[in-house]
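For the sequence shown, position 92 (counting from the first letter as 1) is numbered 92 according to our numbering, and the numbering increases by one without interruption.
It should be emphasised that the hints constitute simulated quantities derived from the structure, not laboratory data. Quick reminder that beta carbons are idealized off the backbone N, C-alpha and C, glycines included. Be a bit skeptical, because a hint or two may be false.
What the hints assert, rightly or not - Computed spacing ranges between beta-carbons, pair by pair:
hint, residue 1, residue 2, range
1, Val129, Glu1, 39 to 45 Å
2, Asp35, Val129, 33 to 39 Å
3, Gln36, His133, 26 to 32 Å
4, Gln111, Pro24, 26 to 32 Å
5, Ala173, Val135, 20 to 26 Å
6, Thr103, Gln36, 38 to 44 Å
7, Pro164, Ala67, 32 to 38 Å
8, Gln120, Thr168, 14 to 20 Å
9, Pro167, Gly83, 18 to 24 Å
10, Asn121, Tyr50, 36 to 42 Å
11, Pro24, Arg211, 18 to 24 Å
12, His133, Cys96, 18 to 24 Å
To be verified - DSBU-like mimics (lysine-lysine), calculated; alpha carbons at most 30 Å apart, straight line:
hint, residue 1, residue 2
13, Lys203, Lys27
14, Lys203, Lys14
15, Lys27, Lys14
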Amino acid sequence: EFDRVTLADRDGHKLLNEASFTLPAGKRLAIIASDQRTPLALAGLLVRFYDPTSGRICFDGREISRATLDTVRGQAVLVMQRGAIFTGSVHDNIACGEVGFTTLQVTEASQQARAFDIVQNLPDGFTTVIGNHEVRLRPDESLRIALSRALLRNPSLLILEEPPAPPTEAETAELDAAIQRVADGRTLILLPHRLATLRSADKIVLLHEGRVHAMGTHAELIQSSDLYRHINYVRFNPFRHVSVS
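Based on the provided sequences and hints, a complete structural model is requested.
Following this line, the structure appears as structure tokens:
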């Protein structure tokens, strides 16, 4: 729950301005905003990269500013495009360097996140060093490895910055299946880049000038909000740049 949350940047510009909304547990929420910095700023608040300027953020009625960072980050995991993987072996990327996870657990997590086949095609499997210039992964492949890491931690809340659409329909289907598997039984907050993701959300929160401008499903907002229709066309219409001769 966001309760009148305000977040200002270093210049005093309000990325969030007394924003309030609630997401029931186990649902899928998409966040979009007229200022594209706002969804990422909101995501950072949920894992306490920083605290709000004012207002409260609560998990299950408990204010997260009063919890330890370990407690908050045990409940909420943020997976972003940038920094989805680091330089190290695939095993270390999934286990995040923690020795408490067994090889079997790492393998099973990669299978559930649809990353196992990616790993099998690497030169040295789970011991292959990634995150450097020698082994290149597509954004959706990096994300599936990061989703494996999230599965190991078993969070109740997953915040996911969606990568651009993979190049083929088969790869898109693999990514969607991975997200669906990781989302099962969890609350999922999506920072979307695809129209299909908006359509699949249980609720969309549209922020404008830091405030909640509209909330609803894609079908509801496309009928009721001029701003949503504009953003939908500019950012999510796959045919916008296709010329017709």
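To see whether the hints hold, each was checked on the structure:
The given range of 39 to 45 Å is respected by Val129 and Glu1, whose C-beta atoms sit roughly 42 Å from each other. Taken as a hint, the range 33 to 39 Å holds for the pair Asp35 and Val129, whose Cβ atoms sit roughly 38 Å apart. With their beta carbons about 28 Å apart, Gln36 and His133 fall inside the hinted range of 26 to 32 Å. Distance hint for Gln111 and Pro24: a CB-CB separation of about 30 Å, consistent with the stated range 26 to 32 Å.
At about 24 Å, the beta-carbon gap between Ala173 and Val135 stays in the expected band of 20 to 26 Å. One distance hint, 38 to 44 Å for the beta-carbon pair Thr103 and Gln36, holds here, with the actual separation near 40 Å. For the pair Pro164 and Ala67, the beta carbons lie near 34 Å from each other, so the given range of 32 to 38 Å is met. For the pair Gln120 and Thr168, the supplied restraint of 14 to 20 Å holds, since their beta-carbon distance comes to about 19 Å.
Checking the proposed 18 to 24 Å range against Pro167 and Gly83 shows it holds: the Cβ atoms sit about 22 Å from each other. Between Asn121 and Tyr50 the beta carbon distance is about 39 Å. The supplied range of 36 to 42 Å therefore holds. At about 22 Å, the CB distance of Pro24 to Arg211 agrees with the hint of 18 to 24 Å. A hinted range of 18 to 24 Å for the beta carbons of His133 and Cys96 is consistent with their spacing of about 22 Å.
Straight-line distance between C-alpha atoms of Lys203 and Lys27 comes to about 8 Å, which keeps the hinted pair within the 30 Å bound. Between the alpha carbons of Lys203 and Lys14 the distance comes to roughly 24 Å, so the proposed pair stays at or under 30 Å and holds. Simply put, Lys27 and Lys14 have alpha-carbon atoms about 28 Å apart, close enough for the 30 Å limit, and the pair holds.
In the structure shown, no violation is registered for any of the earlier numbered hints.
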